[in-house]
Amino acid sequence: MTNCLIDFGAQLIDLFIRAGKASLFLGKAIVCSVTTPIKFGRIIEQIWFIGWKSMPVVCLTGAFTGMVLALQGYPSLRRLGSEALLGPLVSLSLISELGPVLSALMVTGRAGSAITAKIGIMRINDEIDAIELMGLNPMRYLVVPNLIAFLVAMPLLAVIFDVIAIFGAYLVGVRVLGMDGAAYFGEMSNYVVLHDIMSGIYKSMSFGALIAWICCYKGFNCRFGAEGVSAATTDAVVGASVLILICDYLITSLIN
Amino acid sequence: MIVIEDLWKAFGTQEVLRGVSLQVKTGEFVALIGMSGCGKSLLLRLLVRLMRPDMGRVLVDGHDVSKMPREELEMLRSRVGYVFQNGALFDSDTVFDNVAFPLREKTRWSETKIRSKVLAELDLVGLKDAERKYPAQLSGGMRKRVALARTLVRAPEIILFDEPTTGLDPIVGNSILHLFDSVHKRLNLTGILVSHEIPEIFGIVQKIAMLYEGKIVAVETPETIGTSKNAVIDQFVHGKPDGPVHY
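Sequence lines, in order, name chains Y and H.
My numbering puts the first residue of the first sequence at 20, with every later residue one more than the last.
My numbering puts the first residue of the second sequence at 6, with every later residue one more than the last.
What the hints contain is simulated information worked out from the structure, not anything from laboratory work.
Worth double-checking, as some hints may not be accurate.
[As the list claims (entries may be wrong)] The calculated lysine-lysine pairs, modelled on DSSO-like cross-linking and capped at a C-alpha distance of 27 angstroms, are:
| no. | chain 1 | residue 1 | chain 2 | residue 2 |
| --- | --- | --- | --- | --- |
| 1 | H | Lys118 | Y | Lys58 |
| 2 | Y | Lys40 | H | Lys72 |
| 3 | H | Lys190 | H | Lys111 |
| 4 | Y | Lys72 | H | Lys118 |
| 5 | H | Lys30 | H | Lys245 |
| 6 | Y | Lys47 | H | Lys111 |
| 7 | Y | Lys72 | Y | Lys58 |
| 8 | H | Lys30 | H | Lys72 |
| 9 | H | Lys111 | H | Lys122 |
| 10 | H | Lys212 | H | Lys234 |
| 11 | H | Lys118 | H | Lys190 |
| 12 | Y | Lys47 | Y | Lys58 |
| 13 | H | Lys122 | H | Lys190 |
| 14 | H | Lys122 | Y | Lys58 |
| 15 | H | Lys122 | Y | Lys47 |
| 16 | H | Lys212 | H | Lys190 |
| 17 | H | Lys138 | Y | Lys58 |
| 18 | H | Lys122 | H | Lys138 |
| 19 | H | Lys111 | H | Lys133 |
| 20 | Y | Lys58 | H | Lys111 |
| 21 | H | Lys220 | H | Lys234 |
| 22 | H | Lys234 | H | Lys245 |
| 23 | H | Lys245 | H | Lys212 |
| 24 | H | Lys118 | H | Lys133 |
Can you make the complete structure from the sequences, with help from the hints?
Dropping the structure here:
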């Protein structure tokens, strides 16, 4: 019993130490992003990598999410005699909830994992130490461009996800299941307000910052060898995904 | 001048350095030899504060490296060149961009001036024609030479070489050692070379320090090391299977 308590205590202390180190890393990244000149070229490169190259997976996920929502939602609404509310149901759930969360999860898997692996390999190849030994701050080259790029790219990807998903739901609801097209878009414009759109934008920006933070931190603190890079990448994807869901709940409860 | 005083460093219960002391005078080129994993590379990392010692201190021109504020440390690091064992080149940049990186980031030079300086350094290491290649397209020896060019382009006063010839064939390894020798003589650099290349390194350094069981057990000159009375050095230098060194 005593040993169990000691182990539990040790793990708790370790958790707090790791959380403290990660918070310190984020603090340094924020300070660095406002105190050192911005590397615009690298930011554009990262926006292209995170945003543009994630478009296919985000569009595909968005299309099928919208189609499934319509396929599941329409029969249920029909039973209640409210099939005209398919547009608001789909758009509200997408704009403020599913769009930001699912696009963030997709981007974590595609771009976040790649960034962790790249920084991790730079760490084990001494490239980060080499930057430091040139009297330069590696945060400025590796973390700040990613942080800003995620903040810019994530809301755009979430909006694209929403638009594609709404059209996916339109295809299934109107073209396949026979709902009235005018009612689909008409009811949507009656129910969706600016607050819903802004909450989606705030969420996707928060998720973007979260992905950049976790993925860069894990890459920076990667252990040695291929196993270290593999573990860092897995930790980054799992950690960022779980934190996105927790953060989603917290932001939703704050906004509402 | 670099003064290492009673330096200790442990990882958990494993004590790697147990009171290392060494002096390297300005303009001197010192080789650091010892068994694999005895802490030679760690010692170089402590010199530039990539890690901090548990005890002891490193003085560079009288300034304690472990107590330096960030700005002073960055100034020191800009005077130090460090050639990593694997070169530590940026894989996604070309050879030219790798060598130009410190100039683009640390100076306000025009791209024309940077270009001529980078090409001059690449010419010095015999790689002028490789400027457009990526590190992955280079051989081990070429990567080390690019790493040297990237270090020299910053005109360092102190240079640290971490096993620069490991994994290279004898001809390429010797050509790199002679390149270091010519650079050292031309620029009068203070240098520490971690290497296992015995006796090749004896021709290019002024002193050889042997690290064993966490301490510098002897400092010899190239002339005296072959006949050293120190049993550890004698066994290591002559590659004798029997002796005090456990492996």
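Handout entry: Hints violated by the structure (listed by number, smallest first)
Key = When the structure is compared with the hints, numbers 4, 5 and 15 turn out to be violated.
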